[in-house]
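A.B. asks: Single-letter residue listing:
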Amino acid sequence: MLPTLLAAAALPLLQNGLFVGAILFSLGMVGILTRRNLIVMFLSAELMLQGISVSLVAWSRYHGDFGGQVLVIFVLSVAACEAAVALVFVLQAFTRTGRLDAAAWQSLREASLPRSVDHEIPAFDGAMPSFPRLTQAGHSPATDEAAASQRDHV
Amino acid sequence: MSPSQLLILVPLLPLLAALVTVIAGRRLGSRAHLPAIFGIAAAAIVAVSLVITTARSSGGGENPRPVDMVTTLWEWATVADAYEPEAGSPAAVPGTAIGADAHAARPLSIAVALRLDPLTATMLVIITGVGLLVAVYSIGYMHDDPGYPRFFALVAMFVFSMSMLVAASNFLLVYVFWEAVGACSYLLIGFWFCKPEAARAAKKAFLVNRVGDFGLAIGVFLLWLTYGTLDFHDTLSPDGTILPGILGQTRLADVSGYVGGLVGTAICLLLLLAACGKSAQLPLHVWLPDAMEGPTPASALIHAATMVTAGIYLIARCAPLYMACPGALVMVSIIGTTTALVAALIGTVQNDLKRVLAYSTISQLGYMFASLGTGTLLGFTAAIFHLLTHAFFKALLFLGAGSVMHSMGGVIDMRRFGGLRKLMPITAATFLVGSLALAGIAPFAGFFSKDEILASLHSKGWPDAHHAATGEHHALLPTPGLTGQTIHDVGYRGVSAQSDHALSSSAATGLDALNQPFVWQLLFWMALITAGLTAFYTFRAVFMTFTGPLRVPEEAGHHAHESPPVMTLPLLILAVPATLAGLALFSTESLSHFLAATPSFTAPSVLETATPAVFHWDLAIQGTLAAALGIVLAAVGHLGRRSDGPQMERWLGPFRPFLEHRMFIDQLYVGLIVKPLEAIAFLAAMFDRAFIDGIVRGVAWLPVATGAVVRRLQSGLVQRYALAGVIGVLAIIVILAWRL
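Quick note, the sequences are listed as chains F and C, same order. What the first sequence shows, in the numbering used here, is residues 8 to 161, in sequence order. What the second sequence shows, in the numbering used here, is residues 16 to 755, in sequence order.
Looking at chain F on its own, in the form it has when it is part of the complex (with noise of 0.2 Å):
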């Protein structure tokens, strides 16, 4: 009874749950691809592990076999242990350079090739813009330059 009538629901619904699944795949590859923060990289690589999940949700629900969903369980759990893990890793590479940024790590790269550089800020050429300067009102604090770039507690 229940299967046939699934069935006949079945296939929109396979359809829509597998655009969605790819959906978030590729949204997760294009973060992946493009995005520099270890933060955003890793949560994009989660929206990946996502999107194959909801595939996989999909598809078992299509074939009536609960296989997939128990292996989507599967998947969250060690989803769950490997953000454990790999937010250690990011905690670490953090407190090394003081920076969350992809690109400093790229000391394995071949000997004889240049850094890669992000794009030079265009050098200011005009004169300064005056600004009004307003009336002391008392000492300002010391700034920790590579604390004000940078958060160093998360």
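What the hints contain is simulated information worked out from the structure, not anything from laboratory work. Be careful, since some hints might not be right.
What the hints assert, rightly or not - Here chain C is said to cover these stretches of chain F; the calculated rule only asks that three of the stretch's residues, wherever they fall, bring their Cβ under 8 Å from a Cβ of chain C:
id, stretch
1, 38-52
2, 110-121
What the hints assert, rightly or not - Pair ranges (Cβ atoms, derived):
id, chain 1, residue 1, chain 2, residue 2, range
3, C, V711, F, S119, 22 to 32 Å
4, F, A118, C, P161, 49 to 59 Å
5, F, S119, C, G686, 50 to 60 Å
6, F, T41, C, R712, 22 to 32 Å
7, C, W753, F, S119, 35 to 45 Å
8, F, L25, C, R712, 32 to 42 Å
9, F, S123, C, I707, 41 to 51 Å
10, F, D132, C, V711, 30 to 40 Å
11, F, S123, C, A699, 47 to 57 Å
12, F, V37, C, I707, 50 to 60 Å
13, F, G133, C, L717, 48 to 58 Å
14, C, L717, F, S123, 25 to 35 Å
15, F, L141, C, Q734, 20 to 30 Å
Every value quoted in this text rests on a predicted model; they were computed, and no experiment measured them. Ideal placement from N, C-alpha and C gives every residue a C-beta, glycine not left out.
Dock chain C against chain F, hints included.
C.D. replies: Relative to the frame of chain F, chain C by itself:
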């Protein structure tokens, strides 16, 4: 112990001595000569006892029985059914003795077998006897040399190899020890390997000998293909059939047991090439004069008395093979006589005492070859006789020269010393004895053996003078029992066969055509001239060294006195056989009767040439006159005050530089062989470096070049790697989609 067991001791004791010296030589220090001396001395005693045993069992007298005792130690290699004789091939004969399955396949079995026969026993006595005296002499000569133990190990090793060479009963074994004596010779010539000349001379000797060894190797292959065995002796297969060996009784008894024609001549010429290499005959003689760079005792032992006689031994051993190929025999004589004359001519202008003796050795070996080439029983025994006497007097002369060299502080140029008879009387007297023997003056050893050689050549040149009945000379084919009755035949059976049914092969016919009386007459005259030249250069050396005012080079230092007793004693001992051996052996004819019992000489083809031993007064007078003329000329040029330099050589005019440069033979070889080979080697090296190395380097360069491109992808940026992964996955998907 049976004689064949005793025979094993002769090589075994020197081998043990060599091993002991190698292992414990450094510990023995200045006593390192003891194992070699005792080993070789024991071997010499055994060798003498073997001669007595052999002489007894041959019966002695006019009609000796063939003596042939073979001991097989172990089978070195066996290949079953290696050779299948064709019907009618010489491997299938001889006749009835072989049994029913004459055409059955036979094994190739290389047995380590030693043989005892008169020829071997004679050679063993020479090797161990001279070896012992040289070893004793070396105690004095080589003292405080840093390589003292090495020298004695090598001498013992050499005595082992040489006795195995003459005792081996298998052509492959002969080849092995042929190489072994060559290796010992190489090591001893290059004994002072820090000296560049010595190292070069050793290399030269080794390389020139390789040419001869090549001939021996090919000759052995041909023998195997022709006769289907390499054994000298007959072997009994388990089913009771006799496999006739190449020089075994079965084949020897058979009249048609040996191959003539093209194949036979090729075998004989290849063996002759081998003999020429080892015995320093004309095309390959260049190594021997240079070999004098080695220590003088080694020169005396190896390059005068024993190793260089290996070629004589080989040809004498293969006498029946040669008897089937008259052309090859004539070549032996022609090469021998030419070598004798050429070496004697070069020897007349040498100023280095050892070089004079070296050329004299080449010349005397040439005599032996000339005698072997006559192909008569007289010729073969005369060659061995001369080998025996020559071993004694040439070892004596070399050791005397070594004694001079020792006291002159290593100077050997005869122009720089003189009048040494006052300084070293024993050396002078014994050297004079050796010189008289070498020159062939009446009671001394060389006279009798040289006379026999001249007689054997003379009998070929003027057969009528020796034998009245030439007309019936191939009427009889005697059986071995008929030895005593003189068969009036000095022609070859091969020649008479040739006139009956002309030989098909043109090469053999071409060589056989040389077997003419006038060729032999020419060879006889050449030999006679050589006798005169021999006396001249020998006494030139004697006069330059020992007469005239006393002159000593400054290098001599405190050495300038008579050598110690350990060196003069061997000289005195050797002087005895150098004086008496000839007379004793000739007058009793004991050596020729003894040798006639050698299986090789009991072949019908050899036996039918037997002649009664006669002392030829006319030849003796001619030979003595030639020698006397030589001595007188030497005395005119070099006796007394004129002993200090090249007096005679002024008369030679333009020939002098020609002879002094050794007839430019070395230069000829350099121009014809060494330089072209060097050019080819240079081209090959260029090809190797440019082309072959280029390919290898190209292969090595390929990954480098690929890497130079691909390494740019390794940017260290995670995103790029991820991109590469994504592209790869996409590519796989595209390919899979395509395939599906």
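A.B. asks: C:W753 and F:S119, beta-carbon distance inside 35 to 45 Å?
C.D. replies: holds, 37 Å
A.B. asks: Hint says 22 to 32 Å; check whether the CB-CB distance for C:V711 and F:S119 agrees.
C.D. replies: holds, 26 Å
A.B. asks: Would you say the stretch 38-52 of chain F counts as covered by chain C, given the rule of at least 3 residues with C-beta under 8 Å?
C.D. replies: holds (count 5)
A.B. asks: Taking the beta carbons of F:S123 and C:A699, is their distance inside 47 to 57 Å?
C.D. replies: Holds - the Cβ-Cβ distance for F:S123 and C:A699, about 52 Å, lies within 47 to 57 Å.
A.B. asks: Could one say that the CB atoms of F:T41 and C:R712 fall in the range 22 to 32 Å?
C.D. replies: For C:R712 against F:T41, whose Cβ atoms are near 45 Å apart, the range 22 to 32 Å is violated.
A.B. asks: Establish whether the coverage given for the stretch 110-121 of chain F by chain C is satisfied; the threshold is a Cβ-Cβ distance below 8 Å, and no fewer than three residues must meet it.
C.D. replies: holds (count 9)
A.B. asks: Please test the hint of 49 to 59 Å on the beta carbon pair from F:A118 and C:P161.
C.D. replies: Since the Cβ atoms of F:A118 and C:P161 sit about 56 Å apart, the hinted range of 49 to 59 Å holds.
A.B. asks: Confirm or reject the claim that F:D132 and C:V711 have a C-beta distance inside 30 to 40 Å.
C.D. replies: With Cβ atoms ~59 Å apart, the hint is violated.
A.B. asks: Does the beta carbon distance between F:S123 and C:I707 stay inside 41 to 51 Å, or does it fall outside?
C.D. replies: With a Cβ separation near 44 Å, F:S123 and C:I707 satisfy 41 to 51 Å, so the hint holds.
A.B. asks: Just to be sure I understand the hint, the distance between the Cβ atoms of F:L141 and C:Q734 should be within 20 to 30 Å; is that true here?
C.D. replies: violated, 44 Å
A.B. asks: Could you say whether the range 32 to 42 Å given as a hint is met by the Cβ separation of F:L25 and C:R712?
C.D. replies: violated, 56 Å
A.B. asks: Determine whether the Cβ-Cβ distance between F:V37 and C:I707 falls within the hinted range of 50 to 60 Å.
C.D. replies: Once the Cβ atoms are compared, 54 Å apart, the range 50 to 60 Å for C:I707 and F:V37 holds.
Violated hints, in rising order: 6, 8, 10 and 15; the structure is consistent with all others.
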